[in-house]
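Chain by chain, the residues:
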Amino acid sequence: MSTLWDRVEPLLWNVEKPARYIGGEDGSISQDKGPGALRWLLAYPDTYEIGLPNQGLQILYGILNERDDAVAERTYAPWSDMESAMRAASIPLFSVETTRPAAEFDVLAFNLSAELTYTNVLNMIDLARIPLRTADRGRDDTVVLAGGHCTYNPEPLADFLDAAVLGDGEEVVTEIHEAIARWRATPDAQRTRRALHVALAQVEGVYVPCLYTPVFASGRLTGYDVDPAAPPIVEKRTIADLAEWPYPRRQLVPLTEVVHDRLNVEVFRGCTRGCRFCQAGMITRPVRERPKEQVLQMVRDGVARTGYDEVSLTSLSTADFSGIEDVVNSLTDPVDGCADLAVSLPSLRVDAFTVATAASIQRVRRTGLTFAPEGGTWRMRRVINKLISDDDLFAAVDAAFSQGWRRMKLYFLIGLPTERDEDVAAIAALAAACVERGRRHQRGASVTVSVGGFVPKPDTPFQWHRMDSPEELQRKVNLLRDAARRHKGVEVRWHDPAASAAEGIASRGDRRIGNVLERVWRAGGTFQEWSERFELARWTDALAAEGLDLESTALRAHDRDEVLAWGHLSAGLHADFLWGDYEASLAAEGVEDCRWTPCYDCGACTTYGIEHVVASPAPPAGGSQGTGQGLDLAGPVGVALGATRR
Amino acid sequence: MSALVLPDRLRLRYEKLGRVRFTSQRDLARVMERAMRRCALPLRKSAGFSPRPLVSFGLALPTGCASHAEYLDLRLDAEAQEPGAVVVATGDHDPAALAALCERLSDALPLGVAVTAAAALDGTEDSLQEAVTSCDWELEVLGVSPAEMAGRLERLLGAQAVTVARERKGRTVTDDIRPNLRSLAVSAHPVREIDGLGEVVRLLAELSVRPRGVRPSELCGALGDDVTLVGACRTSQWIESEDRSVRAEPLSISGTIAAGRPVSAEARGG
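Line order of the protein sequences matches chains A and B. Each residue of the first sequence is one higher than the last, beginning at 0 in numbering that gives the first Met the number 0. Each residue of the second sequence is one higher than the last, beginning at 0 in numbering that gives the first Met the number 0.
Because the hints were derived from the structure by calculation, they are not lab data. Everything numeric in this text was worked out from a predicted model, so none of it was measured. Each hint should be verified, as a subset may be incorrect.
[What the hints assert, rightly or not] Here are the simulated SDA-like pairs of lysine to any residue, each with C-alpha atoms no more than 20 angstroms apart in a straight line:
| # | chain 1 | residue 1 | chain 2 | residue 2 |
| --- | --- | --- | --- | --- |
| 1 | A | K16 | A | H259 |
| 2 | A | K16 | B | A65 |
| 3 | A | K16 | B | L110 |
| 4 | B | K44 | A | A341 |
| 5 | A | K16 | B | A59 |
[Unchecked claim] Here are some chain A residues pointing at chain B (derived, C-beta under 8 angstroms):
| # | residue |
| --- | --- |
| 6 | W12 |
| 7 | P17 |
| 8 | T255 |
The beta carbon of each residue, even a glycine, is placed where N, CA and C say it ideally should be.
My request is simple: use the sequences and hints to build the entire structure.
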């Protein structure tokens, strides 16, 4: 393997943030394990500072590098200035550890966490000088894989991936490694690309798109022609016990500033709050808590090794962790705790109890607090099953402003199923009521409302539902903005509705979107997550050139019996459960959190013979959100019984 | 690890070499702070709403430039010390403790950054930013022959004024950098080739930091559009007496503080 450093170094004088390209992080590993080792290049398709903290890649980096027969290095999308310089100097995509060309690695594995990074995936494969399309790759070309939340519908990227992996990566990465290593050791005559694909398809959780040919009739997907060598349905992988996987053991500490620049310790995986818009909550079930003692150990070891003075206890809803108070108290204890350690809890639950926990850890800098009620009215919140009563929110507001916080940020979605204009306008009124309460405690209290356009995602109860057009989303944004103008102290920010439309194309599309992505990329559409680089016209022009349109690929509703592009890929969820939950939502009926109430058989546990791993059998005190208490508290709300509920 | 007995005011000298020189000054400050926490140094913090450790860095090193002579001053707090790691005490200091501090910090720092000397301060010294008067640089450039370069250096030194354009607060301004040019010479060291790019010429420059510092890239710009900077290393920083008769490093590699008495023995970290 050859290093490109001598040729890369002169470029670094003339690019923004050259530290993106030098590696050298604490925790970085570059070992020479000889020619027999299988070489993995783990890639995040966005800039270094967005990609480096990604915990999924860091977990795989650790697991692979512990093997005697594997080498794992990392790469990120070079920013446009560096890309131009690299192309001008004929320098291909390289690893940050050893500056070796990507094409000299056996495997290029992408983390897919956001759909708008897809065009960067194409750009990076091209920069790596690997044939862009799977069909054009030969026996010795690098194997291109992808994992991460977006792989539950990888169809838009299917033409470019040798395989996509569903679910938790901890166990399956070893099986994939061994399958590729075995294939590589076979005699030349048998070592065909097809043999590789067939071998990968035998690994549970691995989807090999070229073995599934989509069939279209009258412009609609009608099914897949599945190669007999591949399973008709690919099931996701789930690790039963997070305690067996204390990774990353050595979190990377970057030399330059990145997002989430702190120690991150995952306290649990999965979430069964059951928010119907939330793909992450549906595909990562069940809840698997890390033992409290292990969390404390990982924090203490991590702080001592890294020198970080902040730790984030990560999960989809950290306030729901059974041992949260104990963990926080232990870490901030003046005698036995970690000196000057700031503890942050992402995804706060909306109630006074949670604010009290936040207050106990943010003793110094109380600048802003963020909550996500998501819907402006109680009816809307029942539809999406985010069961926060107005009283809960107000209690949280009182607690926060009375305890020293001065600003509050509230997240909402617009474009939700059954949404009416009054639900949108109610967001402004709700924020104004929060300001009014806040000013009883703080004269300068203010609330920032941040709204995003709802994209109905695969494997959620809303997967069949229509998505609002960008024009309709913009109309609602304007309506909200106008409604908020009347209220002092309420500021409204919004995500570009045009970007939501493109996200809809990439997350709901079928295999025909592959050509669309290639056109967007060739027209210069990289870094589509960056608003200054995004233009919807690139996407709609590309759709038109392929004889497609936004309405049919992203916006339209799907029938119950229609073949969905992702229908052959399973997160374990029964279609009956999802449909039943969808019907319940349209009737504005909530559903309880099954971690503390009897199982309603969504399929995530029963399909794979696993269970929740939760230390406390009782829901946390003090709040209504999804615990069942809220259903009584805030008026008559029926509790839905899904079609296959026990 | 046994407890180190350290003074409450310290000056450190460190080097920044290799790939890590592409980090910014701000990046390095964060890296340094994390290393200090890993070594359990009880840093004194500022008062106020959001306390910050009292660590003050000297002249900023431009991103991409290497250095053998970077400095920072820091203060320790006896009340913040944790049992077992570091004891903060006044009075005479054990040179071995300062050497051990250099070693521990260097172990906690990334490859290419090493603390090469440490010494106690008595609190009467000027801040690094105020005290340093000039820096020695070793520059590597491409584009012209050594003989041609020598001629251009002579012309610069013979000029009345050398103007460069700079961005300041979003506006382009012209500055005369002639007063900053103390000495310029082509190094006698053998030159190297870069594949496909040609012969590297090495320049030695002493640049004053008053009234405003000059970046190596600005000096290169003044040498002509055909000159490309490919490497830069700060080899010394100097504190000069007002009459320019005596000069010394802020902290010599043997652990001597410029403006005062020698207070520490040689200390070299890995």
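Verification of the hints:
1. A/K16 with A/H259: Given pair A/K16, A/H259 holds - Cα atoms ~18 angstroms apart, limit 20 angstroms.
2. A/K16 with B/A65: holds (16 angstroms)
3. A/K16 with B/L110: holds (19 angstroms)
4. B/K44 with A/A341: holds (16 angstroms)
5. A/K16 with B/A59: Roughly 16 angstroms separates the two Cα atoms, so the pair holds.
6. W12: OK, holds: A/W12 within 8 angstroms of chain B, min 5 angstroms.
7. P17: holds (4 angstroms)
8. T255: Interface hint status for A/T255: holds (5 angstroms vs cutoff 8 angstroms).
Against the hints set out earlier in the document, no violation occurs for any number.
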